[in-house]
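These protein sequence lines map, in sequence, to chains A and B.
Number 140 in the UniProt record's numbering belongs to position 140 of the first sequence; there are no gaps in the numbering.
Number 121 in the UniProt record's numbering belongs to position 121 of the second sequence; there are no gaps in the numbering.
Derived from the structure by calculation, the hints contain no laboratory data.
Bear in mind that the values here come from a model prediction, so they are computed numbers and not experimental data.
Be careful, since some hints might not be right.
Copies of the same chain look alike in the list, so a pair counts if it works inside one copy or between any two.
Claimed, not checked - Straight-line C-alpha distance at most 30 Å; calculated DSS-like pairs for lysine-lysine:
hint : residue 1 : residue 2
1    : Lys112    : Lys42
2    : Lys60     : Lys128
3    : Lys60     : Lys155
4    : Lys109    : Lys155
5    : Lys60     : Lys42
6    : Lys60     : Lys156
7    : Lys155    : Lys42
8    : Lys112    : Lys128
What follows is the residue order along each chain.
Protein chains: 2
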Amino acid sequence: MDISAVNALSYEDFVNLFGNVVEKCPIITAAVWSRRPFVGLKALEAAISEFIDDLPESGKEGILRCHPDLAGRDLQSGTLTRESREEQGRAGMDALNSVEAARMAQLNKEYKERFEFPFVICARMSDKADILRQLSERCSNQRDAERARGIEEVKKICRLRLQSLVLTDASNKL
Amino acid sequence: MDISAVNALSYEDFVNLFGNVVEKCPIITAAVWSRRPFVGLKALEAAISEFIDDLPESGKEGILRCHPDLAGRDLQSGTLTRESREEQGRAGMDALNSVEAARMAQLNKEYKERFEFPFVICARMSDKADILRQLSERCSNQRDAERARGIEEVKKICRLRLQSLVLTDASNKL
Numbered sequence: 001m002d003i004s005a006v007n008a009l010s011y012e013d014f015v016n017l018f019g020n021v022v023e024k025c026p027i028i029t030a031a032v033w034s035r036r037p038f039v040g041l042k043a044l045e046a047a048i049s050e051f052i053d054d055l056p057e058s059g060k061e062g063i064l065r066c067h068p069d070l071a072g073r074d075l076q077s078g079t080l081t082r083e084s085r086e087e088q089g090r091a092g093m094d095a096l097n098s099v100e101a102a103r104m105a106q107l108n109k110e111y112k113e114r115f116e117f118p119f120v121i122c123a124r125m126s127d128k129a130d131i132l133r134q135l136s137e138r139c140s141n142q143r144d145a146e147r148a149r150g151i152e153e154v155k156k157i158c159r160l161r162l163q164s165l166v167l168t169d170a171s172n173k174l
Numbered sequence: 001m002d003i004s005a006v007n008a009l010s011y012e013d014f015v016n017l018f019g020n021v022v023e024k025c026p027i028i029t030a031a032v033w034s035r036r037p038f039v040g041l042k043a044l045e046a047a048i049s050e051f052i053d054d055l056p057e058s059g060k061e062g063i064l065r066c067h068p069d070l071a072g073r074d075l076q077s078g079t080l081t082r083e084s085r086e087e088q089g090r091a092g093m094d095a096l097n098s099v100e101a102a103r104m105a106q107l108n109k110e111y112k113e114r115f116e117f118p119f120v121i122c123a124r125m126s127d128k129a130d131i132l133r134q135l136s137e138r139c140s141n142q143r144d145a146e147r148a149r150g151i152e153e154v155k156k157i158c159r160l161r162l163q164s165l166v167l168t169d170a171s172n173k174l
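Generate the whole structure from the sequences, applying the supplied hints.
As structure tokens, this is what we get:
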């Protein structure tokens, strides 16, 4: 799918296709549709990034809170979005042994108690050991730094989701 | 459910319960959770309203574009959110005769071509005839006025969804 095909999409098709590039935040995709035409995928990504940056800090925390825990109850109950399920699966989150699962649950809990939003990481760029290590380390950060770090991860996730939608022919589903 | 019970909810339970008071925009609910404790339901509603008002115009259009058409393809294909299905059903949108359905489809199309976002109305406060009449009238508004009008309707929908969640014991589902 080339950028001219992206630019030709109605807002409905655009949101259907790209609505979850930021997890459970189709409002962002729907807002940046107004910025068409995009000169390329990078420009679409930049528009999303700018929209996020312009939100108040509460809005950024809102984005983080729309993300599921890693290896958490949504994975267990089958209620993850398709994208999150694939990403968590690829990072081995659906195949933790009981020691790893207990450690992950404990660290997720500590993280959320400390920061009041969930630990967000671009799982596609990490493996199980790396995720556990980073979760443990990031638990000791300051809240402001961790909010900013979470948003950086949201943007990495967004970039990879955009690329995979545009490069594979996901547009066939329209 | 009283306000102290609302204020005691974790962000996860809060978003599970109130995440769709603005259609498909759980980010808004997730953001205003930071504003706890709320002195009452009105204060929660006001926090949501302020968050919406502080968004750039593109963000407000983004909210509108997260709404389904009335009697549109989501209703036909069974992909409406629970809240929208109930509201559209109560307003008779699932029981249009063929003349009404054709008229609705034509006006929705005209509206979207003109404004680049869908017609949004608090269906619970209207009936079928009233909705068709308002859709027809609003098609001739200016874009800025219509964006503001759509957002007013979003807030009415939000108020009624909040009330029905808190007053009925929807919290039982947690």
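Hint by hint, here is what the structure shows:
1. Taking identical chains as interchangeable, the C-alpha atoms of Lys112 and Lys42 lie at most 30 Å apart only when they sit on different chains, with a minimum of 28 Å there against 32 Å within one chain.
2. In this homomeric assembly, Lys60 and Lys128 come within 30 Å of each other (Cα to Cα) only inside a single copy, at 26 Å, whereas the closest approach across copies is 39 Å.
3. With identical chains, the CA atoms of Lys60 and Lys155 are at most 30 Å apart both within one copy (12 Å) and between copies (22 Å).
4. Proximity of Lys109 and Lys155 under a CA criterion of 30 Å is satisfied intra-copy only: 24 Å inside one chain copy versus 34 Å between copies.
5. Taking CA atoms no more than 30 Å apart as the test, Lys60 paired with Lys42 passes in both settings, with 21 Å inside one copy and 24 Å between copies.
6. For a Cα distance limit of 30 Å, the shortest separation of Lys60 from Lys156 qualifies both inside one copy, at 15 Å, and across copies, at 25 Å.
7. In the homo-oligomer, the alpha carbons of Lys155 and Lys42 lie at most 30 Å apart inside one protomer (12 Å), although the nearest pairing across protomers, at 34 Å, exceeds that limit.
8. Proximity of Lys112 to Lys128 under the C-alpha cut-off of 30 Å is restricted to the intra-copy arrangement: shortest distance 19 Å within a copy versus 46 Å between copies.
No hint from the list above goes unmet by this structure.
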